[in-house]
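Engineer: Each chain, letter by letter, is given below.
Protein chains: 2
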Amino acid sequence: MHVTSEQRLDGDVLEREFTLGEIPGILWTPQSASASAPAPLILISPPPLGLRTMYPRLSARARYYAAEYGFAAATIELPGSGERPRWPALEQARADLRRVMEAGEPLTDEIVDALVLPVVDRAVPEWRAALDALLALPEVGGPVGYEGGLISIGIRLAAVEPRIAAAGLFAGSFVPRAIVEEARRVTVPLQVLLQWDDEGNNRQAALDLFDAFGSREKTLHANMGGHAGVPQFETDAGARFFARHLKQ
Amino acid sequence: MHVTSEQRLDGDVLEREFTLGEIPGILWTPQSASASAPAPLILISPPPLGLRTMYPRLSARARYYAAEYGFAAATIELPGSGERPRWPALEQARADLRRVMEAGEPLTDEIVDALVLPVVDRAVPEWRAALDALLALPEVGGPVGYEGGLISIGIRLAAVEPRIAAAGLFAGSFVPRAIVEEARRVTVPLQVLLQWDDEGNNRQAALDLFDAFGSREKTLHANMGGHAGVPQFETDAGARFFARHLKQ
Chain A
1 MHVTSEQRLD GDVLEREFTL GEIPGILWTP QSASASAPAP LILISPPPLG
51 LRTMYPRLSA RARYYAAEYG FAAATIELPG SGERPRWPAL EQARADLRRV
101 MEAGEPLTDE IVDALVLPVV DRAVPEWRAA LDALLALPEV GGPVGYEGGL
151 ISIGIRLAAV EPRIAAAGLF AGSFVPRAIV EEARRVTVPL QVLLQWDDEG
201 NNRQAALDLF DAFGSREKTL HANMGGHAGV PQFETDAGAR FFARHLKQ
Chain B
249 MHVTSEQRLD GDVLEREFTL GEIPGILWTP QSASASAPAP LILISPPPLG
299 LRTMYPRLSA RARYYAAEYG FAAATIELPG SGERPRWPAL EQARADLRRV
349 MEAGEPLTDE IVDALVLPVV DRAVPEWRAA LDALLALPEV GGPVGYEGGL
399 ISIGIRLAAV EPRIAAAGLF AGSFVPRAIV EEARRVTVPL QVLLQWDDEG
449 NNRQAALDLF DAFGSREKTL HANMGGHAGV PQFETDAGAR FFARHLKQ
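For the protein sequence lines, the chains are A and B, in the order given. Going by the working numbering, the first residue of the first sequence is number 1, and it counts up by one from there. Going by the working numbering, the first residue of the second sequence is number 249, and it counts up by one from there.
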């Protein structure tokens, strides 16, 4: 992990851009974090739109967590997003998605699988490697929360990575059938967001996914509106969920 | 409104038992409430099990609201519950419910209507009269929140009473079809609780009811477990919902 720039932000938050091999990332830590009082870490996964594009939203969220709740927060670029290289099968799947959406045709399982599964296969080991690097910093500690991004990445990461102690997921994108099966193996506490009128998603599929999770503690927060309309107050609800599970 | 007893509780909360005509009730106010700084009021409707039976839960909730958030809270006995007189049709409907439940037969619309509608018809004017009396106290102010109890009472009260500015409802009991129609006329912000495996309720009916509400801001909080298993953390989530809408 190589820090490429750092700046101190309002609210006594330190923002560090870093690279982990070829992968760019950002870490936010509260001033109060130290080797003797490490800040619990929340991984904030971006949607596959690129870190630069998502920076304002990711940064606002991370700074809120750091300044109001004393959490550290970190994100890394997803494979095939931002300035990271594409691969032909992903480009093909994205072209298929656009074609089907423009034609108003139903999305097939094949397109969803081709769009999501290779990204999950690549991303999950990267997030685990990022976790190794981040937890090696003396001012960053466990237990670790995960939130956001492509929900399929969060599902597999929560299922396979024992350092993830709680996850906040947004049921706002298509989930391959194979990943719904993996959801049954997730047992950590979950808070799942659902936009009731999400134009790009199927409400019943999202409710079925919520039902599938194996966690004993899982809470669904369904709000009115479309994909981009998650209410501002859910940021605080997310922080309080993590505070219940990550603070010791 | 006639105060019959009062006591000061831990956390600087004043608890007053009162009667409003023949209806017993309880009011909790924070020490800080005064004529120059009246406390926003939350009406906490009990389930139809009697105020004495429900006192520990109602009181814990009201004291939390008062001590942590500076809200006043009040409750009154439902018609046909506690020591209030029954009426023959209600006794018949309750007997029908027990018979059907014990036989494992499906509950008919007729039984639900007979069980719920006459209680709603009586209760809603009583809650409005209680509101008149409570808001006449100098230390109690608006805007007013409503929560709990028989959800059908909350639906009609929120639909017809303009002083209700926000409602926290528990989709945990049978709702007559006529009341689902009334839900379309509710427009205040809502936070609706749903127990995912509620043994006495139908999940799909609850989701359909949530869908029916006319409110632009409505949030569903679905949690695992049966009817009595609403997680402790929802008390705080409820308080924060009211704090968003009732604090000025």
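If you are wondering where the hints come from, they were derived from the structure by calculation, not from laboratory data. These numbers come from a predicted model, not from an experiment. Just so you know, even glycine gets a beta-carbon here, dropped at the ideal spot from N, CA and C. The reader is advised that the hints may include incorrect statements.
Here are a few chain B residues that sit away from chain A, every Cβ distance over 10 Å (derived from the structure) [to be verified]: (1) P286; (2) S307; (3) F422; (4) P479; (5) D484; (6) A485.
Below, simulated EDC-like cross-link-like pairs (lysine to aspartate or glutamate); rule was C-alpha separation at most 20 Å, straight line [stated by the list, open to error]: (7) K247(A) <-> D369(B); (8) K495(B) <-> E234(A); (9) K495(B) <-> D236(A).
Engineer: Each of the hints needs a verdict: does it hold here or not?
Structural biologist: Taking the hints in turn, this is what the structure says about them:
no.	hint	verdict
1	P286	25 Å, holds
2	S307	24 Å, holds
3	F422	21 Å, holds
4	P479	7 Å, violated
5	D484	7 Å, violated
6	A485	7 Å, violated
7	K247(A) <-> D369(B)	47 Å, violated
8	K495(B) <-> E234(A)	18 Å, holds
9	K495(B) <-> D236(A)	17 Å, holds
Checked against the numbered hints above, the structure breaks hints 4, 5, 6 and 7 and satisfies the rest.
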